[in-house]
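Protein sequences appear in the order of chains A and B.
The opening position of the first sequence corresponds to residue 49 in my numbering, with each subsequent residue numbered one higher.
The opening position of the second sequence corresponds to residue 49 in my numbering, with each subsequent residue numbered one higher.
It is worth saying that the hints were derived from the structure and are not from the lab.
Be aware that a few hints might be false.
Here are the simulated distance ranges between beta carbons [what the hints assert, rightly or not]:
| # | chain 1 | residue 1 | chain 2 | residue 2 | range |
| --- | --- | --- | --- | --- | --- |
| 1 | B | Asp203 | A | Arg292 | 42 to 50 Å |
| 2 | A | Ser183 | B | Lys125 | 19 to 27 Å |
| 3 | B | Lys125 | A | Lys125 | 42 to 50 Å |
| 4 | A | Glu288 | B | Pro229 | 44 to 52 Å |
| 5 | B | Glu262 | A | Asp155 | 48 to 56 Å |
| 6 | A | Lys186 | B | Ala291 | 46 to 54 Å |
| 7 | A | Glu121 | B | Asp64 | 39 to 47 Å |
| 8 | A | Lys50 | B | Asp327 | 43 to 51 Å |
Derived contacts from chain B toward chain A, CB cut-off under 10 Å, selection only [claimed, not checked]:
| # | residue |
| --- | --- |
| 9 | Ala151 |
| 10 | Ala237 |
| 11 | Gln300 |
| 12 | Gly304 |
| 13 | Ala335 |
| 14 | Asp336 |
Derived coverage of chain B by chain A (criterion: at least 3 residues anywhere in the stretch with Cβ under 8 Å from a Cβ of chain A; other residues may be distant) [what the hints assert, rightly or not]:
| # | segment |
| --- | --- |
| 15 | 83-91 |
| 16 | 269-277 |
No experiment lies behind these values; they were computed from the predicted model shown.
No residue lacks a Cβ here, since even glycine has one placed at the ideal position from N, Cα and C.
2 protein chains.
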Amino acid sequence: MKTKICLIGIGKIAVDQHVPAISGSDDWTLAATVSRVGTVDGVPSYTDFDQMLADHPDIPVISLCLPTVPRFEYAAKAMAAGRHVMLEKPPGATISEVHMLQAMAKDHGVSLFATWHSRAAVAVQPAKTWLADKSIKKAHITWKEDVRKWHPNQDWVFEPGGMGVFDPGINALSIITEILPFEMRLQSAILEFPTNRDTPIAAKMQWADNISGEFDWRQEGSESWDITLETDGGLAELKEGGARFFIDGVEQPVDGLDEYPALYKHMKTLVDSNTSDIDVRPLIQVADALTLGKRISTDAFAF
Amino acid sequence: MKTKICLIGIGKIAVDQHVPAISGSDDWTLAATVSRVGTVDGVPSYTDFDQMLADHPDIPVISLCLPTVPRFEYAAKAMAAGRHVMLEKPPGATISEVHMLQAMAKDHGVSLFATWHSRAAVAVQPAKTWLADKSIKKAHITWKEDVRKWHPNQDWVFEPGGMGVFDPGINALSIITEILPFEMRLQSAILEFPTNRDTPIAAKMQWADNISGEFDWRQEGSESWDITLETDGGLAELKEGGARFFIDGVEQPVDGLDEYPALYKHMKTLVDSNTSDIDVRPLIQVADALTLGKRISTDAFAF
Numbered sequence: 049m050k051t052k053i054c055l056i057g058i059g060k061i062a063v064d065q066h067v068p069a070i071s072g073s074d075d076w077t078l079a080a081t082v083s084r085v086g087t088v089d090g091v092p093s094y095t096d097f098d099q100m101l102a103d104h105p106d107i108p109v110i111s112l113c114l115p116t117v118p119r120f121e122y123a124a125k126a127m128a129a130g131r132h133v134m135l136e137k138p139p140g141a142t143i144s145e146v147h148m149l150q151a152m153a154k155d156h157g158v159s160l161f162a163t164w165h166s167r168a169a170v171a172v173q174p175a176k177t178w179l180a181d182k183s184i185k186k187a188h189i190t191w192k193e194d195v196r197k198w199h200p201n202q203d204w205v206f207e208p209g210g211m212g213v214f215d216p217g218i219n220a221l222s223i224i225t226e227i228l229p230f231e232m233r234l235q236s237a238i239l240e241f242p243t244n245r246d247t248p249i250a251a252k253m254q255w256a257d258n259i260s261g262e263f264d265w266r267q268e269g270s271e272s273w274d275i276t277l278e279t280d281g282g283l284a285e286l287k288e289g290g291a292r293f294f295i296d297g298v299e300q301p302v303d304g305l306d307e308y309p310a311l312y313k314h315m316k317t318l319v320d321s322n323t324s325d326i327d328v329r330p331l332i333q334v335a336d337a338l339t340l341g342k343r344i345s346t347d348a349f350a351f
Numbered sequence: 049m050k051t052k053i054c055l056i057g058i059g060k061i062a063v064d065q066h067v068p069a070i071s072g073s074d075d076w077t078l079a080a081t082v083s084r085v086g087t088v089d090g091v092p093s094y095t096d097f098d099q100m101l102a103d104h105p106d107i108p109v110i111s112l113c114l115p116t117v118p119r120f121e122y123a124a125k126a127m128a129a130g131r132h133v134m135l136e137k138p139p140g141a142t143i144s145e146v147h148m149l150q151a152m153a154k155d156h157g158v159s160l161f162a163t164w165h166s167r168a169a170v171a172v173q174p175a176k177t178w179l180a181d182k183s184i185k186k187a188h189i190t191w192k193e194d195v196r197k198w199h200p201n202q203d204w205v206f207e208p209g210g211m212g213v214f215d216p217g218i219n220a221l222s223i224i225t226e227i228l229p230f231e232m233r234l235q236s237a238i239l240e241f242p243t244n245r246d247t248p249i250a251a252k253m254q255w256a257d258n259i260s261g262e263f264d265w266r267q268e269g270s271e272s273w274d275i276t277l278e279t280d281g282g283l284a285e286l287k288e289g290g291a292r293f294f295i296d297g298v299e300q301p302v303d304g305l306d307e308y309p310a311l312y313k314h315m316k317t318l319v320d321s322n323t324s325d326i327d328v329r330p331l332i333q334v335a336d337a338l339t340l341g342k343r344i345s346t347d348a349f350a351f
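Next comes chain A alone, as it looks inside the complex (with noise of 0.2 Å):
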């Protein structure tokens, strides 16, 4: 028997990813949805959060794909009411916001799952078996996308919390803080403010250990979603967002649920087993660029 779902934020990654992720899942059937703007073709429609928790004790499950600053909210109020709940990345707008839902998780016996999408990506648990054996001597991170193309119109994104470039390149530090066996230490960061916005539009990175990492929202054309690690071993390349594998430019044969299933899947084994997946380390990331790096101010952005 499928278990009942509720989505909230209907926006475009809910669309593009989320409901078709759970229509073609066996596991799971969406069974409402709560939105100010967006609502599901057949699906029971809310505005009001308390009131779907009203109408709907017989759904177990909330997932959370609204944007990152009210989400804390929600998954406080979903918790509460003794719902599991999954959590669009980043799972918080602070590393507080994560570590208290992470108590409350623990607190209300429910199940929480910070996803990350990019880990789920069908080439990273190959590079991260590849790797484990290895010697890493240099790692570099190229992530570049055009911003008006992912987030169109969508100011929040350079509002405070909002992340700016870290949004996409959040994915890049999911990964590669899943594939390394070391953690990484920041060393320092410069931050592309635009003069009329709050929030990084580009930013490079240098970790120890011969790590770094260029972030940038004003690529246009097709993206640049790529980790390389030069190794004892060979030269590693994930490329496409951790959708290709390469050693020493030879592509590795791999297989998978794409990102969505396969988050969807994992959530349903956190609930049939009552546990919780929660890693910050990417978010601390972010956290640490924004505590250490230098900001400079460049070009206003308009979308």
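Fit chain B to the given chain A structure using the hints.
Relative to the frame of chain A, chain B by itself:
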């Protein structure tokens, strides 16, 4: 018998606080110093930390009071050499650094003490005890001082990683995270950056549960280092950086060691019991502010 200790970074805070605290203690003897610039009369002095470690296998404890950014490398090296480590606040330039040091202390079986000197102020524990059974309606931090007085010509406080006004502000955050019976969740912050500097000179913060704070480094004359808490049992006030405690305007009797003697006493207990004391929450509050805060430009600052 006194335990030998080596002090690294003989600058203002070492001379003002660490050296007198060690000299006045029955637990410790200052057996060496490492510093590019300072020395302590009658104490073997080094500029090269490796040389000190090689010459002094008899010194089991290292206390670090150099600026935040270089501190990690010294702490890592000291622990790798099997020495116990005491860190001035803040314990790292980033949260990742503190997590890594925490893991190293465990790996090397040594004690690590991330000190928060303001937590050791005499009125902090009495305030915590008094607050434990009260309902807190509202709290406010006022932390204002003259940076020219407390950090004369110390440009590093305005360099990336120097944390700006959060260098003193983290003292307030170390106290309030200790005395509140719940966790603090930042909701918004406004950070004022001088146009010629990389860290904020002033900040206003608003947390959930009616907690707010004002931090300013531009105050001339005497300091304001106060925390007020409105409760169902009356008004509690911590004044002078945690040195004095008032309930409904009536000063409460407090006693105990001064801050730094208390820290060194606690370090002795940690070393004797081979345990560590690391609470990263004050630093997380600063990272939260720099992650979520809105940045505004203000007048250039010169010492």
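Comparing the hints with the structure gives:
{"no.": "1", "hint": "B:Asp203 x A:Arg292: 42 to 50 Å", "result": "47 Å, holds"}
{"no.": "2", "hint": "A:Ser183 x B:Lys125: 19 to 27 Å", "result": "21 Å, holds"}
{"no.": "3", "hint": "B:Lys125 x A:Lys125: 42 to 50 Å", "result": "48 Å, holds"}
{"no.": "4", "hint": "A:Glu288 x B:Pro229: 44 to 52 Å", "result": "49 Å, holds"}
{"no.": "5", "hint": "B:Glu262 x A:Asp155: 48 to 56 Å", "result": "32 Å, violated"}
{"no.": "6", "hint": "A:Lys186 x B:Ala291: 46 to 54 Å", "result": "51 Å, holds"}
{"no.": "7", "hint": "A:Glu121 x B:Asp64: 39 to 47 Å", "result": "45 Å, holds"}
{"no.": "8", "hint": "A:Lys50 x B:Asp327: 43 to 51 Å", "result": "44 Å, holds"}
{"no.": "9", "hint": "Ala151", "result": "7 Å, holds"}
{"no.": "10", "hint": "Ala237", "result": "8 Å, holds"}
{"no.": "11", "hint": "Gln300", "result": "30 Å, violated"}
{"no.": "12", "hint": "Gly304", "result": "30 Å, violated"}
{"no.": "13", "hint": "Ala335", "result": "4 Å, holds"}
{"no.": "14", "hint": "Asp336", "result": "4 Å, holds"}
{"no.": "15", "hint": "83-91", "result": "violated (count 0)"}
{"no.": "16", "hint": "269-277", "result": "violated (count 0)"}
Of the hints listed earlier, those the structure fails to meet are numbers 5, 11, 12, 15, 16, in rising order.
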